[in-house]
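Novice: Sequence:
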Amino acid sequence: MARKRQIRLRRLAGGKAWNSNASELGDKALRTDFTACIKDVKKDVSEIGERVNDLEHTKDARSEDHEKWWRCIQTLEEQHLELQAKQEDLENCSRPNNICIRGTPRGQEDEDILAHTAALLHALIGDADALLPMLDRAPQVASA
Numbered sequence: 000m001a002r003k004r005q006i007r008l009r010r011l012a013g014g015k016a017w018n019s020n021a022s023e024l025g026d027k028a029l030r031t032d033f034t035a036c037i038k039d040v041k042k043d044v045s046e047i048g049e050r051v052n053d054l055e056h057t058k059d060a061r062s063e064d065h066e067k068w069w070r071c072i073q074t075l076e077e078q079h080l081e082l083q084a085k086q087e088d089l090e091n092c093s094r095p096n097n098i099c100i101r102g103t104p105r106g107q108e109d110e111d112i113l114a115h116t117a118a119l120l121h122a123l124i125g126d127a128d129a130l131l132p133m134l135d136r137a138p139q140v141a142s143a
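Each step along the sequence shown adds one to the number in numbering that gives the first Met the number 0, with nothing skipped, and position 14 is 13.
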């Protein structure tokens, strides 16, 4: 019985060996040792709790940062696509073989601009059907 009590007390003390037999320990000494062990355990649990709280706050901050960077990346991708379209349009407008016809309607994507340009050339020149295969793109310019 005393051996079992010693083993239990050793477990409570964190594996430390007792200096005297468990049966010889007085209640006061046993309580003092037990209280010291409990204080150590409480201190360890408190430290672990603080570390967990710190980790949770860090995780929340990183999650917010991640969302912010994700939104920035999406915005940059949209701007990149807009710039690519603008660059392509600027390159096409700067080609010396492009024709520019003043008064061509702007912003009407549902109209076929090539067909409109071919009809306009047909009205001006006559036989624009021969020009139609050569028309690759008809850039629109703002009317004066």
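Derived by calculation from the structure, the hints in this document are not laboratory data.
Predicted model only: the values in this text are computed from it and were never measured.
For glycine and all other residues, C-beta sits at the position ideal for the given N, C-alpha and C.
Hints are supplied without guarantee of correctness; some may be wrong.
Said to hold, decoys possible - Derived Cβ-Cβ restraints for the label pairs, each shown as a range:
| id | residue 1 | residue 2 | range |
| --- | --- | --- | --- |
| 1 | Asp88 | Asp59 | 43 to 51 Å |
| 2 | His56 | Cys36 | 50 to 58 Å |
| 3 | Ile124 | Glu81 | 30 to 38 Å |
| 4 | Ser62 | Lys27 | 46 to 54 Å |
| 5 | Thr74 | Ala35 | 30 to 38 Å |
| 6 | Thr31 | Val51 | 44 to 52 Å |
| 7 | Thr74 | Leu123 | 41 to 49 Å |
Novice: State for each hint whether it applies.
Specialist: Going through the hints against the structure:
{"no.": "1", "hint": "Asp88 x Asp59: 43 to 51 Å", "verdict": "holds, 44 Å"}
{"no.": "2", "hint": "His56 x Cys36: 50 to 58 Å", "verdict": "violated, 31 Å"}
{"no.": "3", "hint": "Ile124 x Glu81: 30 to 38 Å", "verdict": "holds, 37 Å"}
{"no.": "4", "hint": "Ser62 x Lys27: 46 to 54 Å", "verdict": "holds, 52 Å"}
{"no.": "5", "hint": "Thr74 x Ala35: 30 to 38 Å", "verdict": "violated, 59 Å"}
{"no.": "6", "hint": "Thr31 x Val51: 44 to 52 Å", "verdict": "violated, 31 Å"}
{"no.": "7", "hint": "Thr74 x Leu123: 41 to 49 Å", "verdict": "holds, 45 Å"}
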